[in-house]
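**Q** Each chain, written out:
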Amino acid sequence: MSSKLLKGLVYASTLFTFGILGYLIFYILFNGVAYLTPSLFEWEYSTDNVSLMPALITTLYVVLGTLLIATPIGVFTGFYLVDYANRNNPVVKAISIATDTLAGIPSIIYGLFGFLFFVVYLEWQFSLAAGIFTVTIMSLPVIIRATEEALIASGMSIRQASYALGAGKLRTLFNVVLPVAMPGILSGVILATGKIIGETAALIFTLGTATQLPQSLFASGRTLSLHMYILSNEGLHVNEAYATAVVLLVFVILINGLSTLISKRLSRGGK
Amino acid sequence: MSTQPKIKVENLKLWYGDFEALHGVDLDIYEKEVTAFIGPSGCGKSTFIKTLNRMNDLVENVKIEGTVELDGKDIYKKKTDLNLLRKKVGMVFQQPNPFPKSIYDNVAYGPRTHGIKKKSELDEIVEKSLRQAAIWDEVKDHLDRNALSISGGQQQRICIARALAVEPEVLLMDEPTSALDPISTAKIEELVAQLKNDYTIVMVTHNMQQASRVSDRTAFFLNGHIIETDTTRKIFTNPSEKETENYISGRFG
Amino acid sequence: MNETKEKIMHGVFLLAAVTSIISLILIVVFIFTGGLPMMLDYGVFDFIFGTTWNQTTFGILPMIVGSILVTIGAIVLGVPIGVSTAIFMAEFCPPKLYSFLKPAVNLMAGIPSIVYGFFALRIIVPWIRNSFGGPGNSMLAAILLLGVMILPTIIALSESAIRSVPRSYYSGSIALGATQERSIFNVLVPAAKSGIFSSVVLGVGRAIGETMAVVMVAGNQPIMPRGLTQGVRTLTTNIVLEMAYASGQHREALIATGVVLFVFIMIINTTFLIVKSRGGES
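Protein sequences, first through last, are from chains A, L and X.
Using the numbering used here, you'd call the opening residue of the first sequence number 4 and step up by one each time.
Using the numbering used here, you'd call the opening residue of the second sequence number 1468 and step up by one each time.
Using the numbering used here, you'd call the opening residue of the third sequence number 0 and step up by one each time.
Hints were generated in silico from the structure; no laboratory data involved.
Here a beta-carbon is modelled for each residue, glycine too, at the ideal position from N, C-alpha and C.
Please note that the accuracy of each hint is not assured.
Label pairs and their in silico Cβ distance ranges [said to hold, decoys possible]:
(1) X:S163 x L:K1530: 51 to 57 Å
(2) X:Y168 x L:G1509: 45 to 51 Å
(3) A:N89 x X:N1: 18 to 24 Å
(4) A:Y26 x X:T50: 37 to 43 Å
A short list of chain L residues far from chain A (calculated; beta carbon distances all over 10 Å) [stated by the list, open to error]:
(5) E1527
(6) I1542
(7) E1594
(8) R1598
(9) H1673
(10) E1712
Straight-line C-alpha distance at most 27 Å; calculated DSSO-like pairs for lysine-lysine [what the hints assert, rightly or not]:
(11) L:K1530 x L:K1555
(12) X:K101 x A:K7
(13) L:K1595 x L:K1585
(14) L:K1555 x X:K275
(15) X:K6 x L:K1584
(16) A:K267 x X:K101
(17) L:K1545 x X:K4
(18) X:K4 x A:K7
(19) L:K1546 x A:K172
(20) L:K1568 x A:K267
(21) L:K1544 x L:K1475
(22) A:K96 x X:K275
(23) X:K6 x L:K1544
(24) L:K1530 x L:K1480
(25) X:K101 x X:K6
(26) X:K6 x L:K1540
(27) A:K172 x L:K1568
(28) L:K1540 x A:K172
(29) L:K1555 x L:K1586
(30) L:K1544 x A:K172
(31) L:K1568 x X:K4
(32) X:K192 x A:K7
(33) L:K1480 x L:K1555
(34) L:K1545 x L:K1555
(35) L:K1654 x L:K1701
(36) L:K1544 x X:K4
(37) X:K192 x L:K1555
Let the sequences and hints guide you as you build the complete structure.
**A** Okay, structure coming up:
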């Protein structure tokens, strides 16, 4: 009797969850696609034509810059934790706790820190560099965890085979383990990319909100998410905000599709 | 048969943390012979074989005392080049563990590791090793196939070829047939008989018939001790120790 | 030669690994040295329990209460729906549908907060204004928004908690003659409760830390919350709203708001880690 009721609740909730998701996507696409005009993709931003092109390119700058720094650091951290350090080493415990803690800190705290440290203390001003470094720290836990899991899942037996042939640690890691762990690491990097594209709170006081394409690492700019926030906040360009939302959604859907594809290959045992 | 042992082990003790797994093992292993280790599971035979190429170094909290001499030199000396040691003392594992790479790249991995880059030289080594491992005819037409796509018995012979490709002097085999079907097992045993013309072979086996079929010398392990070492014929027909006799005749665990 | 290369790379990997620790230390040091002196100077009690916030008076109780109320609301809304959806995903969902819904949950987690906020601003806010009166931008809007935003977190963690309950529990119950539904609700779900609880704790962390979506719909008045349909300001939004133009003690007060938020988050994270490690033991 009561379990019938609960079952009803389960179905209703599921319907609600995916109904909202579907409605959100449909609503944004329905209202935004019409405003995806060519003028929105012009190179220059002006108050008459709030082109999203500079923001789109700045987003790419921020994503590439962040991945360039965060990927090696994150992957190397995974190497160290899984293949170099003794599990009971206090350093490993400390790194583990630090990674978990970083993963739980909200973006606004990162933004505040980035502002105090990079913008004010290091005197970088609102800049690409300040934004990139702030988001780099945010992305580290995602990449570290993905690398760790992938390295552990690759198993001891292929490592033993390599060592038994007289290969050193580095050769074993790069030639045998890394190819096997690659899809897992890649899906972590993709997840981080999605996070960076959607980020606002950590960037608004580090990257700043300048409307033009930054001409150097120490110039300010705005990413698509920031662009959309400011448009909707000003309330003058709601249609363009819809259009920007469409572009953001398309990115996020592509990124998720890619990571689903990779994890499917992963679970098939990856030939 | 030379009188100078290829490997001489003296008073070897090994601990996993506080647990003492080997209590002072002494053993001589002779060149171009097959030496088999038999004994019930958990007796220390697999642990012991891994001390001969220092694979136990990879396990955390392992402590080792005593000496293992290869050609008169202690391999547990501090300045031992581990990679060189493992090149000289190759190993084949219980579960076939080819790399998820092509058959060719599997076999060429070792030589490449030790600095051989020339394609023609690698081709030669790959063919020679696969022939030695008696699998050349089965795989020669698809060397670029992923080594994981062939049968378990073939995979194990690829692993043997991979180990031979670095031209080891000693080949350690840790229950190499325990995961294989009878036909593949017979093939590997045949292969071992062939290989002992060129290599010193040490083999752990849970299968007493296998030990009696392929080995020249047998060591019986029990609870981290070697109870008895002798020629295989002697061990299986007229053992000196009561425990060995009990185990051989199946009156044991 | 090879050995030196190994040694150098070992050093490089170690260096990379301590980056996380150094970053965390830097964050703690800069946030706390930026905010604590102001709190001590102004008076910790007056700062935390003061109910007035303007350019010269800095009491953040309204924001603390705002954050707590909004989070509680989001949990009350999001947890039953999220856990129920997780039960569906783990137990009732046909495999074909699952291969479609699982990526959908991931997508839901990947949609930027700004898009959620914008959606809420366009749909939820006018709906509240028309149905209940008031400005629309309100605590209720923030609660509804956050209740949806924490769903993917709750669903993903609860689902894996339910899936990790040994299958023998379920078949044992079925063997005793219990129906499928009864076995799921009375045996599987209770057995997964520590995992489900940790998903709730993580959801709390998400809700209390969310900034940009909330700032778009919450109304943001820095006064004690006066009702569901009235405006509210949270700790996170307090920082983002005024940081752009604040200076002197005002700016320090915003950093100090960050300190309070940080402490909240640390409590939540520690709870999460404890629950997670307990769940792992049993």
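**Q** With the threshold set at 27 Å, check whether the alpha-carbon distance from K1530 (chain L) to K1555 (chain L) stays at or below it.
**A** holds (23 Å)
**Q** Over 10 Å from every CB of chain A: does H1673 (chain L) meet that, or does the non-interface label fail?
**A** Label holds. Min Cβ-Cβ 19 Å, cutoff 10 Å.
**Q** With the threshold set at 27 Å, check whether the alpha-carbon distance from K1544 (chain L) to K4 (chain X) stays at or below it.
**A** Cα-Cα ~22 Å, so holds.
**Q** Please work out if K192 (chain X) and K1555 (chain L) have their alpha carbons no farther apart than 27 Å.
**A** Not satisfied, since the Cα-Cα distance of roughly 55 Å exceeds 27 Å.
**Q** Are the Cα positions of K101 (chain X) and K6 (chain X) separated by 27 Å at most?
**A** Roughly 44 Å between the alpha carbons, so the hint for K101 (chain X) and K6 (chain X) is violated.
**Q** Confirm or reject: R1598 (chain L) is not an interface residue toward chain A, with every Cβ-Cβ distance exceeding 10 Å.
**A** holds (19 Å)
**Q** Is the Cα-Cα distance between K6 (chain X) and K1540 (chain L) 27 Å or less?
**A** Judged against 27 Å, a Cα distance of about 26 Å means the pair holds.
**Q** Below or equal to 27 Å on CA atoms is what counts here, so check K6 (chain X) against K1544 (chain L).
**A** Distance ~20 Å between K6 (chain X) and K1544 (chain L) Cα, so the pair holds.
**Q** Keeping to a limit of 27 Å between CA atoms, is the pair of K4 (chain X) and K7 (chain A) held or broken?
**A** violated (65 Å)
**Q** Compare the distance between the alpha carbons of K1546 (chain L) and K172 (chain A) with 27 Å, and conclude whether the hinted pair is satisfied.
**A** holds (17 Å)
**Q** Take the C-beta atom of N89 (chain A) and the C-beta atom of N1 (chain X), compute their distance, and say whether it sits inside 18 to 24 Å.
**A** holds (23 Å)
**Q** Is K1654 (chain L) close enough to K1701 (chain L), meaning Cα to Cα at most 27 Å?
**A** The given pair, whose Cα atoms are some 26 Å apart, holds under the 27 Å limit.
Consistency note: the structure conflicts with the earlier hints numbered 1, 2, 5, 14, 18, 25 and 37.
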